[in-house]
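Using the sequences plus the hints, can you model the full thing?
Protein chains: 6
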Amino acid sequence: MANSESLPVILIVEDETLIQTLVEEALADGGFETAIAPSAEEAVTLLRSGVTDYRALVTDINLKGNMNGWEVARRAREIDPAFPIVYMTGAAADEWASQGVPNSVLLVKPFAPAQILTAVSQLLNAAAQGQS
Amino acid sequence: MANSESLPVILIVEDETLIQTLVEEALADGGFETAIAPSAEEAVTLLRSGVTDYRALVTDINLKGNMNGWEVARRAREIDPAFPIVYMTGAAADEWASQGVPNSVLLVKPFAPAQILTAVSQLLNAAAQGQS
Amino acid sequence: MANSESLPVILIVEDETLIQTLVEEALADGGFETAIAPSAEEAVTLLRSGVTDYRALVTDINLKGNMNGWEVARRAREIDPAFPIVYMTGAAADEWASQGVPNSVLLVKPFAPAQILTAVSQLLNAAAQGQS
Amino acid sequence: MANSESLPVILIVEDETLIQTLVEEALADGGFETAIAPSAEEAVTLLRSGVTDYRALVTDINLKGNMNGWEVARRAREIDPAFPIVYMTGAAADEWASQGVPNSVLLVKPFAPAQILTAVSQLLNAAAQGQS
Amino acid sequence: MANSESLPVILIVEDETLIQTLVEEALADGGFETAIAPSAEEAVTLLRSGVTDYRALVTDINLKGNMNGWEVARRAREIDPAFPIVYMTGAAADEWASQGVPNSVLLVKPFAPAQILTAVSQLLNAAAQGQS
Amino acid sequence: MANSESLPVILIVEDETLIQTLVEEALADGGFETAIAPSAEEAVTLLRSGVTDYRALVTDINLKGNMNGWEVARRAREIDPAFPIVYMTGAAADEWASQGVPNSVLLVKPFAPAQILTAVSQLLNAAAQGQS
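Residue numbers (full-length UniProt numbering), protein chains in the order written: chain Z, 1 to 132; chain X, 1 to 132; chain S, 1 to 132; chain C, 1 to 132; chain B, 1 to 132; chain F, 1 to 132.
Hints are computed from structural coordinates only; laboratory data are not their basis. Just so it is clear, CB atoms sit at the ideal spot from N, CA and C, and this is done for glycine as well. Hints should not be assumed to be uniformly reliable.
[To be verified] Restraint-style ranges between C-beta atoms, simulated for each label pair:
(1) T17/X with R48/S: 55 to 61 Å
(2) G90/C with D80/F: 21 to 27 Å
(3) E16/X with A28/Z: 32 to 38 Å
(4) A91/F with G50/X: 52 to 58 Å
(5) G65/X with T45/B: 39 to 45 Å
(6) A126/S with E25/X: 23 to 29 Å
(7) T45/C with A28/S: 49 to 55 Å
(8) D80/F with N62/X: 37 to 43 Å
(9) G50/F with D94/B: 55 to 61 Å
(10) A28/X with D80/F: 44 to 50 Å
This is the structure in structure tokens:
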């Protein structure tokens, strides 16, 4: 937005179609573009490829495959230490204090679309200032 | 949102129908459910009953009855010390520093719907991290 | 909103019509009123006149005329030290740390409408508490 | 410090001689001057008199007399909404969320002298920025 | 301090005698008691035993044995999600964003004693408010 | 401290001998090394030379010569956008909101030595995390 360039793209790591749709719609309503990775492994591949300049990661904690959301966030931060991270969880909220990365946001299900928009926007706005 | 569970429910304490409607619509637009208590006394009764798991309180300061918004927020925090509190006021903003509770947000009328959505979302997102 | 008074008015300093429209629409969607100043000089004149009680400034950095966005923000803060400031920039983000004012927000283009709504709302909500 | 004017004076509200001495020594080590009020009533009298320009309040919660530390802090904030407040408590920490004022610091006994110096310094440094 | 109870005890995880001494002296100067664990394994044993009520962890990153400082902090947070954590490192600062826990402080060597006192005090003061 | 390397060096920009001495002693008590630049021009020369790796700038506002403290801080941030900045002032506090740089600290004279130690330590600890 705000000029002719493409919108900021948010990478969503989620294997449940229902939640994929809900998060995509919330972010699209706020003017973000989104991409979906159905597993942590695919998310890490996309982040490492550098083909798209993702601006933030929104990840579920429980994922099919060998890697969970805590792990995909650590990998994203190894690639870019300032990468904005939002976790979504129902049952694993009590693990954030030991498994989450610094300056991340935890959304406990059920959450409202406004909460994910505020979380992503706050982290992006703060990251812009760190980059300067 | 984000799964089959119910949406987060926000308790609004307000005795003016016009403002009730405006706050309800703003929160509904952001994906929250809302409940209205027309007086502080009814709000405290609802919070104490534990029937609904309210996730935040949005309260006007001047209310009919013997209890004002500052008092209903203190009662809510006695029940749950981490309860997110948003105050709305026109004339009583200068009392927040002495009458408000810690980590609350004050909205001065007139405010835009985006301000109430951001206030409630920020407080809910921060509370999730303290709970973990 | 929230009563019969007028909505909070945000002053946008922008000389490109496309971005003017995009920012206006984003803020209007969140319930704000907006006014446009096409140059820094006109913005300063509007702020000094005191005719409208602007609640925040959203300014591009590169502006036609002799004054840029960094300078118009300093002037706004000389008039009101608590005035909320949001900068928008593509190329000048690395100047924020030396040219920006304290407690301002920097939006790097391209940004999503949700980012500008969150930035303006957060700054207004924080300013309300400082005023009390 | 830092010029020929007097040092910042911190008002300590405490009725136990042992703790009075410990807090006084900690603040004196950090370069502050201190004044002692042995009761909330005397503290309020000193703050209202305006004879000394106290820069912060450090108060115990349980005090002899009719007023406790929560109440003396509210009175101090009615006089100056930006007044820095530090509470000290052993047993009443769980009341801070409902009885404390916004932007205050709670020290739970036993605490180290460095904690009180850091608390007072942080609040004073933040208040300086709000005043500008 | 501040009453007849024991001082807050800080657990230092460090295998170099020189740094052990320096950190112990800095914390003692600020009025803290300290205990030393020369390895991550011993630190975890002490935290799990519950014999002493440690109030914060100050840990080097590179430690002899199979566990590093990032890992000992995660274990401490599994035991107590609000546990204050300070990391000390020379070469591993760039790993904090991916390996550190939320709401922790990173001290990059060489650091001054005042930095460790401020870090520990800030985290303890913030934790007190979360506990209330 | 904390290893065999040199201590962090803080650059103090001050032309009054009395205040030079007071700030030097406060920082030395906290374990910092200090260097003095008696004018803004000399401070900028030292920062640009890169001979010493200064870790923070503590500057008075009113300085002899053509450059004031607001200006020297902007130059320091042009060299390093993350450079920690502490301003000291008696009469110019109300200019900080328009002339200060983001994420800086303002100390209003008279201030206690603990305030300057806390300000420098907080900014250094925060900067360490941004660097990772």
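Here's how the hints hold up against the structure:
no. : hint                          : in the structure
1   : T17/X with R48/S: 55 to 61 Å  : violated (40 Å)
2   : G90/C with D80/F: 21 to 27 Å  : violated (45 Å)
3   : E16/X with A28/Z: 32 to 38 Å  : holds (35 Å)
4   : A91/F with G50/X: 52 to 58 Å  : holds (56 Å)
5   : G65/X with T45/B: 39 to 45 Å  : violated (57 Å)
6   : A126/S with E25/X: 23 to 29 Å : holds (24 Å)
7   : T45/C with A28/S: 49 to 55 Å  : holds (53 Å)
8   : D80/F with N62/X: 37 to 43 Å  : violated (51 Å)
9   : G50/F with D94/B: 55 to 61 Å  : violated (21 Å)
10  : A28/X with D80/F: 44 to 50 Å  : holds (47 Å)
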